[in-house]
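Position chain Z relative to chain R; hints supplied.
Protein chains in written order, with this note's numbering: chain R, 1 to 280; chain Z, 281 to 465.
By construction, these hints were calculated from the structure, which means they are not laboratory data.
A few of these clues could be false.
[Claimed, not checked] Now the stretches of chain Z that chain R is said to cover, found in silico as 3 or more residues with beta-carbon under 8 Å: (1) 364-372; (2) 376-385; (3) 400-409; (4) 445-454.
[To be verified] Heads up, incomplete: computed chain R residues facing chain Z, CB under 8 Å, no partners named: (5) Leu137; (6) Gln139; (7) Leu213; (8) Ser276; (9) Leu280.
Since the structure is predicted, the reported quantities are computational estimates derived from the model, not experimental observations.
Heads up, the beta-carbon is just placed ideally off N, CA and C, and yes, glycines get one too.
Residues per chain, in single letters:
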Amino acid sequence: MKTTTIRDRNTQRNFAKRLMGAVLLLLPMAVHASPQTPTIKLFPTTVLEEIKHTGNVAAEMETGLQTVIARLDEQQQLYIQSKCEGNEGDPGCEQIARQMGKSYLEMLTIMGDKLPEMETAVNSTSASLEKRIRRELGQKKTSWTLQELLAGAQSETADKADRPALRGRSGMRLSDRFQQYYKLVSRSGGEVNSSLAVIASDIYLDMQETSSLIARTREEISRATLMEQLNQSFGTITPEMQEVVAGVKSILFGEEEPLMPMTAPPTSQPEQAYDSPLNL
Amino acid sequence: MNTSIPSSITATIALAAMATVLTACNSNPTRATACSLPQGPDLDRAIAAARFDLETGCEQQFDQYFQRLLTIAEGDPKKDNKSAFSEFLIWANEEGLLSKRQARETYTRYFGVKYVSLISDYSVCDQTCPRRHEVMREMNQELVDKEQGLLKVSADRREFYRANRLFQETELVLEATCEACGSSE
Chain R
1 MKTTTIRDRN
11 TQRNFAKRLM
21 GAVLLLLPMA
31 VHASPQTPTI
41 KLFPTTVLEE
51 IKHTGNVAAE
61 METGLQTVIA
71 RLDEQQQLYI
81 QSKCEGNEGD
91 PGCEQIARQM
101 GKSYLEMLTI
111 MGDKLPEMET
121 AVNSTSASLE
131 KRIRRELGQK
141 KTSWTLQELL
151 AGAQSETADK
161 ADRPALRGRS
171 GMRLSDRFQQ
181 YYKLVSRSGG
191 EVNSSLAVIA
201 SDIYLDMQET
211 SSLIARTREE
221 ISRATLMEQL
231 NQSFGTITPE
241 MQEVVAGVKS
251 ILFGEEEPLM
261 PMTAPPTSQP
271 EQAYDSPLNL
Chain Z
281 MNTSIPSSIT
291 ATIALAAMAT
301 VLTACNSNPT
311 RATACSLPQG
321 PDLDRAIAAA
331 RFDLETGCEQ
341 QFDQYFQRLL
351 TIAEGDPKKD
361 NKSAFSEFLI
371 WANEEGLLSK
381 RQARETYTRY
391 FGVKYVSLIS
401 DYSVCDQTCP
411 RRHEVMREMN
421 QELVDKEQGL
431 LKVSADRREF
441 YRANRLFQET
451 ELVLEATCEA
461 CGSSE
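Next up, chain Z with everything else stripped away, as it sits in the complex:
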């Protein structure tokens, strides 16, 4: 008895199998691997899209997503945006994308009056004065971020004014204190 399968049938089966595999691939969500940054002017939609991507494989690009959300929010500056970003960062912490400390520092860097660049455990004389100029450079960079978060995203001029004032006062007080400590650069 001839048990061999005709070659035309084999080819048909192979084609069918390939088609099945291809169909199965197409039904997978493509967003997770694409990691395309959200588009469009709507912040809520952008946040929803960012959340989806970040929980499906794009967590390495958290910073880029956050920056894109800030840019989108700049298109419609309002005080409510602060709470939208706060909730987004709380969500990121709950999802394990950021530690609580990272979430707090990121929020404060953009939307707080105080400067995370000044976080330290030791005295001003011992820790801050030896690197005062570096600290001031970091604060200056943070002021730029606050300008984006407080002014361009949240339209909160008052808080930005306070942050700017705090920068100037800190600069003055640090200059005097480091001079008094005897370790000014």
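One chain only, chain R, in its complex shape:
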């Protein structure tokens, strides 16, 4: 039978002490080596819901405006085909112009009704994101750690095709944009912090832009409505009217603009990269 002597116990205690010492020494390394980086909380459920809601409001507004804008397009086409430009005194042309004016007024009314709700939704999403971005990226990060966050995810997602496009919002409906944002954010599920930082920044800047466009449009609507009511009696199409319609179309339905050229990623497979001990 083996008995445990005091010496044995001392040996065990010493061993335990050494083990604890070693564990304590190794602990910082283990923590440092952990692949998990602190999650940045840019998209809590509330923000996600706000994005979704903004998308729904935009979709409602689009549905309401789609018919009237399509009608306006047809009328304008007819106006051009009938060679009415420079021929304003013609009774037929005057009639088309009045019809266009009516459609234009209808569009302004729908926008006037829907824009306040849209503005509230956009501003609310923008304010929530602003708070999150300020706290998570502006106050918790230095420019170096922010860069590390972005560069880290570059290597994680280097070969993924679904990396979010940067500020490529042209040519897309407003509601589709929000739907895409919602999908991007909800799908990533906090997996790729850096992509989320880029997406959050993109959405936030987009919201800021949209918000100021909405504010400007609202200011213009009452003035434009009055002007058009006056124009109705003359049956003329003003360049301003065409401009407003084009503006609304670009905000809501996107516009055809070529995307900014970017350096194309090389197609070859990455070789074993040289890693200098000097590399930061």
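Chain Z only, in chain R's frame:
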């Protein structure tokens, strides 16, 4: 007794002494004082010549030598050039020509994906946003250096693409963050 030395002998001694002094001067290496930047297309030879000059009195011109080496390397771009420059900078640090920090920053500026222009100790809101445009200008200049180091010297398109992408993302994220911080310029 006449102890005076004839003038012809004095002249001969003087001439001999001058000749000795001149010969001694000629035997000194002239490279150290010349500080001539390396020539030729061979990077290894150029690095060896640069090392010799830099350790024999030309250390003040380190930047010019480094720039010349980059230009020479552009003539034969390959990924191995990265390690050649890394070793050269490590040597420069060991010789006391550069601090470790300077060596790291120089290497990263030309051959790394990250931007040394973004090194900072304080938060983005407090330190970076008040001088965001200046930071972006510095990053832009660094991107030009990376183009030289990664693309023209190392032929590493992938890494240069990453650096370019990082530049664009940083620009976007900084714009949004500084707007959110309320201190955008």
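Structure-based check of each hint:
{"no.": "1", "hint": "364-372", "in the structure": "holds (count 3)"}
{"no.": "2", "hint": "376-385", "in the structure": "holds (count 3)"}
{"no.": "3", "hint": "400-409", "in the structure": "holds (count 9)"}
{"no.": "4", "hint": "445-454", "in the structure": "holds (count 8)"}
{"no.": "5", "hint": "Leu137", "in the structure": "holds (5 Å)"}
{"no.": "6", "hint": "Gln139", "in the structure": "holds (5 Å)"}
{"no.": "7", "hint": "Leu213", "in the structure": "violated (16 Å)"}
{"no.": "8", "hint": "Ser276", "in the structure": "holds (4 Å)"}
{"no.": "9", "hint": "Leu280", "in the structure": "holds (4 Å)"}
Checked against the numbered hints given earlier, this structure breaks only hint 7.
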